[in-house]
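A.B. asks: Below are the chains, spelled out letter by letter.
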Amino acid sequence: MLQVEGLTKSYKTGDSTLPILKGVSLLVEQGEFVAIMGPSGSGKSTFMNMLGCLDRPDTGSYILDGIEVSSLNDKQLAYVRNQKIGFVFQSFNLLARSTSLHNVELPMMYANVSRSERRNRATEALKRVGLGERMHHKPTQLSGGQKQRVAIARALVNRPAILLADEPTGNLDSRSGVEIMSIFQELHAQGVTIILVTHEMDIAQHAERIVTFKDGIIIRDERVEERVFSTPNDEVIVT
Amino acid sequence: MNFMESFYTALEGIWANKMRSALTMLGIIIGITSVIAVTALGEGGQKAINDEMEKFGQNTFNVFINWETKEKIESDDLTIDDAAVLGRISPAIEYIVPYSGTTIELKGPKKEERANLTATTADYFNIQKRMKVTKGRLFSDTDDKEQRAVVVLEDKLGEKLFGQMNPIGQRVRWGNNSLVVIGTYSEEKFKFDMGQETFGAVVPIQYYNSLLEEPSIHSFMGTAVDKASVNSAMQQAKQYLTRKHQKNDHYMVRSMQESVDQFNQLTGTLTLIFSIIAGISLVVGGVGVMNIMLVSVTERTREIGIRKALGARRSDILIQFLIESIIVCLIGGLVGVLCGLGIAALISHFANLPPLLSWNSVFIAFGFSSAIGIFFGLYPANKAAKLDPIEALRYE
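Chains as they are written, first to last, in full-length UniProt numbering: chain A, 1 to 239; chain B, 1 to 396.
Simulated from the structure, these hints should not be mistaken for lab results.
Don't be surprised by glycine CBs; every beta carbon is placed ideally from N, CA and C.
Hints may be right or wrong, so weigh each one.
[Said to hold, decoys possible] Listed below are the simulated DSSO-like cross-link pairs for lysine-lysine, each with C-alpha atoms no more than 30 Å apart in a straight line: (1) Lys18/B with Lys386/B; (2) Lys22/A with Lys214/A; (3) Lys18/B with Lys138/A; (4) Lys22/A with Lys386/B; (5) Lys70/B with Lys247/B; (6) Lys75/A with Lys386/B; (7) Lys156/B with Lys110/B; (8) Lys12/A with Lys386/B; (9) Lys107/B with Lys189/B; (10) Lys75/A with Lys383/B; (11) Lys12/A with Lys383/B; (12) Lys138/A with Lys386/B; (13) Lys72/B with Lys247/B; (14) Lys138/A with Lys383/B; (15) Lys160/B with Lys132/B; (16) Lys129/B with Lys55/B; (17) Lys18/B with Lys383/B; (18) Lys156/B with Lys129/B; (19) Lys227/B with Lys238/B; (20) Lys227/B with Lys55/B; (21) Lys247/B with Lys227/B; (22) Lys129/B with Lys107/B.
[To be verified] Pair ranges (Cβ atoms, derived): (23) Leu338/B with Asp65/A: 52 to 58 Å; (24) Arg159/A with Ala22/B: 40 to 46 Å; (25) Ile364/B with Gly66/A: 52 to 58 Å; (26) Ser25/A with Glu12/B: 42 to 48 Å; (27) Ala22/B with Glu133/A: 33 to 39 Å; (28) His136/A with Ile364/B: 40 to 46 Å; (29) Ile364/B with Pro19/A: 58 to 64 Å; (30) Leu11/B with Ile219/A: 49 to 55 Å; (31) Asn352/B with His136/A: 57 to 63 Å; (32) Glu133/A with Lys386/B: 36 to 42 Å; (33) Lys22/A with Asn291/B: 40 to 46 Å; (34) Leu11/B with Thr140/A: 19 to 25 Å; (35) Lys386/B with Pro19/A: 23 to 29 Å; (36) Ala22/B with Ile219/A: 55 to 61 Å.
[Unchecked claim] A short, non-exhaustive set of chain B residues, derived as facing chain A with CB atoms under 10 Å: (37) Asn2; (38) Ile306; (39) Ala309.
Use the sequences and the hints to build the structure in full.
C.D. replies: As structure tokens, this is what we get:
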């Protein structure tokens with residue numbers, strides 16, 4: 001599904017080059033729910049940008065859904081972002097002037113989906129995240145959790161191969177965070193491939209596999225055997 | 001993304017910043033308004049004057065002595081007989097008359113008045129279609145041949161000289177001469193002859209010449225049988241006179257049409273110069289559009305990042321911003337055209353010109369405003385399209 005081999009990336013700062021990723025390899029199977037953890041500066045955000053086709057690696061290969069992405073041009077990358085990847089950002093990144101419905105329609109507009117089908121699919125996606133009643137609200141009229149649900153609907157509406165979530169609960173209160181994570185759980189149960197970047201162990205615990213970055217390499221890659229959740233009431237539940 | 005979607009997106013962008021869009025448009029509006037007003041007035045004025053000229057003498061021409069002649073200028077270079085012969089033998093000439101003119105003082109019972117005296121033959125009234133007899137009669141060939149001391153006065157001159165009295169049959173004095181008024185005429189004034197306060201008096205040329213020590217005729221005035229014959233009529237007149245008087249390059253002919261063409265060239269140049277000056281304000285408006293588009297791109301960096309993350313290609317972003325600037329310019333252009341035509345109509349109304357809708361300038365204005373939209377929108381739009389999505393998404 002998603003196969004990364006020996007990915008490197010460095011940035012030029014003045015005269016010196018700063019290596020950010022120093023050879024990262026990762027294989028994610030269809031339907032997996034992977035959390036990526038690591039301290040800031042560990043390279044996880046850069047890695048996320050690579051996975052999201054927002055940036056190109058210096059060397060290495062990245063095969064997404066059977067496509068070698070690292071050699072594509074701008075136009076092809078735009079197509080891959082549109083068709084294969086769904087983004088959920090920490091800061092929601094909704095278009096402020098547009099309604100929920102319009103925000104969810106946006107990826108389909110770039111995919112040249114017809115007006116009526118767009119409307120249907122966006123409506124369906126919003127219902128799926130429980131926002132059927134708030135389709136015509138603008139982001140300013142929504143709570144943080146609701147905004148993030150719009151973003152999730154938007155990420156899923158083109159039926160992408162992977163869902164990339166970058167600190168999706170970072171700007172939410174813990175109650176909304178739990179809500180959002182339960183949606184991710186649901187999606188995982190439905191077979192959506194999810195890659196989640198977080199620095200909170202609690203959140204990472206929702207995944208079935210945790211990959212830990214440090215200094216531009218993966219230092220740990222382990223399956224979550226035992227889940228420890230803390231609820232808003234600080235009760236600890238062990239499953 | 002297809003064109004209609006880009007169009008709606010661009011409209012949304014404009015609507016979201018109503019005040020700013022309106023102010024941006026204002027620059028274009030002022031530019032287009034001035035261009036349209038100038039060209040509409042220029043073309044309208046030109047057309048009005050041409051219409052006037054056509055109405056009164058599109059077939060007329062004049063014969064003069066060439067100013068740059070190398071031959072000796074003599075008083076009998078143009079004679080009454082020459083005109084008569086030409087009228088008889090030239091198939092292209094309808095009427096041709098000798099013409100002399102001067103300014104004189106005429107004395108009536110009421111007062112003395114300055115008058116533009118025209119000395120000519122009876123056919124003059126067939127050439128000057130603007131003249132209509134109001135009282136009495138015009139002079140005839142017989143009056144002319146007999147050198148009768150008769151005069152036809154412009155009706156306003158008659159009123160000034162005679163007051164309420166009927167001038168027909170009365171006498172007016174011109175120096176030591178006494179002339180009998182046989183008729184009055186009204187003359188439809190050339191529309192753009194403003195403030196002309198000297199009126200006309202027409203006398204037979206044979207009588208006029210009989211008063212002079214060495215009579216000479218200023219020019220001939222003629223009409224061709226139709227518009228197409230004007231040139232051959234002029235050539236025939238020139239050839240005949242050259243042959244008869246044995247003087248090379250001594251005569252000059254000029255048609256009304258040539259004068260009209262010359263006038264048109266002048267006003268055309270003037271209109272162009274004013275249009276260019278007005279066009280400068282259009283360019284300033286365009287720079288305003290570019291400025292605002294650049295602000296808009298910076299302000300919407302994050303939006304651009306989001307769109308790119310969701311699959312917008314460079315071309316999608318480019319087109320979105322380009323359409324936005326074109327729409328601003330086109331709406332500005334439309335309002336500008338309306339304002340320009342309104343101003344032109346208003347000025348026409350007060351200047352007594354016929355209003356004229358110049359489709360040319362409307363199309364040119366629209367062409368110009370979209371060109372300005374593209375030209376000044378391209379740089380900001382390209383800047384937006386080239387934004388790095390990661391940077392753009394991080395932009396606060």
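A.B. asks: Take the hints in turn and mark each one as holding or not.
C.D. replies: Results for each hint:
The hinted pair formed by Lys18/B and Lys386/B meets the criterion: a straight-line CA distance of about 26 Å does not exceed 30 Å. With a CA separation close to 10 Å, the supplied pair Lys22/A and Lys214/A stays within the 30 Å bound. For a cut-off of 30 Å, the pair hint linking Lys18/B to Lys138/A stands: about 19 Å separates their Cα positions. The hinted pair formed by Lys22/A and Lys386/B meets the criterion: a straight-line CA distance of about 28 Å does not exceed 30 Å.
A distance of roughly 9 Å separates the Cα atoms of Lys70/B and Lys247/B; the hinted pair therefore holds under the 30 Å criterion. With a C-alpha separation of about 12 Å, the suggested pair Lys75/A and Lys386/B falls inside the 30 Å cut-off, and the hint holds. About 13 Å separates the Cα atoms of Lys156/B and Lys110/B, which keeps this hinted pair within 30 Å; it holds. The suggested pairing of Lys12/A with Lys386/B holds, with an alpha-carbon distance near 20 Å, which does not exceed 30 Å.
Taking the CA atoms of Lys107/B and Lys189/B, the gap is about 24 Å. The hint holds against a cut of 30 Å. Of the pairs offered as hints, the one joining Lys75/A and Lys383/B holds, with about 17 Å between alpha carbons and a cut-off of 30 Å not exceeded. Proposed proximity of Lys12/A and Lys383/B is supported: the alpha carbons are some 22 Å apart, at most 30 Å. A C-alpha spacing of about 28 Å is found between Lys138/A and Lys386/B, which places the hinted pair at or below 30 Å, so the restraint holds.
Distance restraint check for Lys72/B and Lys247/B: the Cα-Cα separation of roughly 9 Å lies within the 30 Å cut-off, and the hinted pair is therefore satisfied. For a cut-off of 30 Å, the pair hint linking Lys138/A to Lys383/B stands: about 28 Å separates their Cα positions. In summary, the hint linking Lys160/B to Lys132/B is supported, as the alpha carbons are separated by about 19 Å, within the 30 Å threshold. At roughly 9 Å between alpha-carbon atoms, Lys129/B and Lys55/B fall within 30 Å of each other, so this suggested pair holds.
Note on Lys18/B and Lys383/B: the hinted pairing holds, with a Cα-Cα distance of about 23 Å set against a maximum of 30 Å. The straight-line distance between the Cα atoms of Lys156/B and Lys129/B is roughly 18 Å, inside the 30 Å bound, and the hint therefore holds. A distance of roughly 18 Å separates the Cα atoms of Lys227/B and Lys238/B; the hinted pair therefore holds under the 30 Å criterion. Our distance criterion of 30 Å between C-alpha atoms is met by Lys227/B and Lys55/B, whose separation comes to about 12 Å.
Taken as a hint, the Lys247/B and Lys227/B pair is honoured in the structure, with Cα atoms around 28 Å apart against an allowance of 30 Å. At roughly 28 Å between alpha-carbon atoms, Lys129/B and Lys107/B fall within 30 Å of each other, so this suggested pair holds. Between Leu338/B and Asp65/A the beta carbon distance is about 55 Å. The supplied range of 52 to 58 Å therefore holds. At about 42 Å, the CB distance of Arg159/A to Ala22/B agrees with the hint of 40 to 46 Å.
Between Ile364/B and Gly66/A the beta carbon distance is about 55 Å. The supplied range of 52 to 58 Å therefore holds. Checked against the hint of 42 to 48 Å, the pair Ser25/A and Glu12/B passes, with Cβ atoms roughly 44 Å apart. Distance hint for Ala22/B and Glu133/A: a CB-CB separation of about 36 Å, consistent with the stated range 33 to 39 Å. Checked against the hint of 40 to 46 Å, the C-beta distance between His136/A and Ile364/B comes to roughly 44 Å, which is consistent with it.
The given range of 58 to 64 Å is respected by Ile364/B and Pro19/A, whose C-beta atoms sit roughly 59 Å from each other. Range check, Leu11/B to Ile219/A: Cβ separation about 51 Å, and the 49 to 55 Å hint holds. Restraint check, Asn352/B to His136/A: a C-beta distance of roughly 58 Å satisfies the suggested window 57 to 63 Å. Judged by the Cβ atoms, the range 36 to 42 Å given for Glu133/A and Lys386/B holds: they are separated by roughly 40 Å.
Roughly 45 Å separates the CB atoms of Lys22/A and Asn291/B, a value that falls within the hinted 40 to 46 Å. At roughly 21 Å, the beta-carbon separation of Leu11/B and Thr140/A lies within the given 19 to 25 Å, and the hint holds. A C-beta distance of roughly 26 Å is found between Lys386/B and Pro19/A, which places it inside the suggested range of 23 to 29 Å. For the hinted restraint 55 to 61 Å between Ala22/B and Ile219/A, the CB-CB distance of approximately 58 Å keeps it satisfied.
At its closest, the beta carbon of Asn2/B sits 6 Å from a beta carbon of chain A; the interface hint therefore holds under the 10 Å criterion. Hint status for Ile306/B relative to chain A: holds, with the closest Cβ pair at about 5 Å, below 10 Å. Interface restraint check: Ala309/B against chain A, minimum CB-CB distance 5 Å, threshold 10 Å, status holds.
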